[in-house]
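Here is how the chains run, residue by residue.
2 protein chains.
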Amino acid sequence: MRARWQKPPLYQARGRLVCYVPPDAPDGKNRHLIGRAEGFRLYAKIPIMLLTIDHVGIACRDLGAAIERYVGVFGLAVVSLETNDEQGVREAMLATESGTSYVQLLQPLSPDSPVGKFLERRGEGMHHVGYAVADVSAALAEIGATGIRLIDSRPRHGSMGASIAFLPPKDLGGVLTELVQPLG
Amino acid sequence: MRARWQKPPLYQARGRLVCYVPPDAPDGKNRHLIGRAEGFRLYAKIPIMLLTIDHVGIACRDLGAAIERYVGVFGLAVVSLETNDEQGVREAMLATESGTSYVQLLQPLSPDSPVGKFLERRGEGMHHVGYAVADVSAALAEIGATGIRLIDSRPRHGSMGASIAFLPPKDLGGVLTELVQPLG
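Residue numbers (our numbering), protein chains in the order written: chain A, 19 to 202; chain B, 19 to 202.
Keep in mind the hints are simulated off the structure, nothing from the lab. If a hint is listed, it holds; no wrong ones were tucked in.
No copy labels: a pair is met if it fits in one copy or bridges any two.
Calculated lysine to any residue pairs in the SDA-like style (CA-CA distance at most 25 Å, straight line): (1) Lys188 - Leu69; (2) Lys135 - Pro186; (3) Lys188 - Ile166; (4) Lys188 - Leu168.
Build out the structure end to end from the sequences listed, making use of the hints.
What follows is the structure, encoded as structure tokens:
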């Protein structure tokens, strides 16, 4: 079977064409790998906004205990430990083997901070998910144009020098969503 | 500054030594990139169990509406749509640009399934996080040895042919955690 551009079998994203490439076919230019299915590689003709999952943000009451857990159980290593006064958190970034996705542990600086209120309401657990994007300002403009509300209309400072912006859970099925443009 | 092996500045994982490599130094063998800090690459001498974030599992009431949202807002493409009777879910996998991390959307098949009960209790939102591992059986043995309880003591079938196992939120700070060994 020859590789060919066609509409995806399930859902079409913004008119994107998807290419099914057999296992033995060479890679092509202007193709963006979006997955594999039944031995075939799937490519899209236009890039996807979300590059990868940058991190999961996990709310905890005791940052030291949470770090010990992820270090002791999974062998992760802490690569950053910061206080973000603007967000009211003390946070640690723990790298996975890939070096491009992280577990972010968040301890609130006070009970009335957003993470403090989250802990009060929901208890410890997953607080948000952060996706890497190439350009957070461009992504905000594109997402805003779809009618989704923005918590941050302009990027702000995140962990490890990244530019970040949050999108509200109300418009995204209950998921607090962060866009992350990592430091170059 | 020369690269050298040393104990990490913050926390030491299982006696792991971490190497700080300046930006202009070549890559070395037997090093596992775990992150970057202040322009330096950070390498560990032993591999980290969690390779990367494979997916975030998101519970939703209406799978079709949730898919439309992730396709329409972020341009993701659906690469798999499956029913998992054992887990009581209808699920979609949507690939990020990397092709190695996914948004997994989960609609319960019945209100008394685990995801059905989660929706009843917490509403729509993040349900679990899945990390890629090289060998899920080996990871389960290693994690079990740390005293963490296991939901699955042996791997079972997950999305897209993966071998998976779940770890309980009670032992992991409120986070339902999945180990994923993707189909080779």
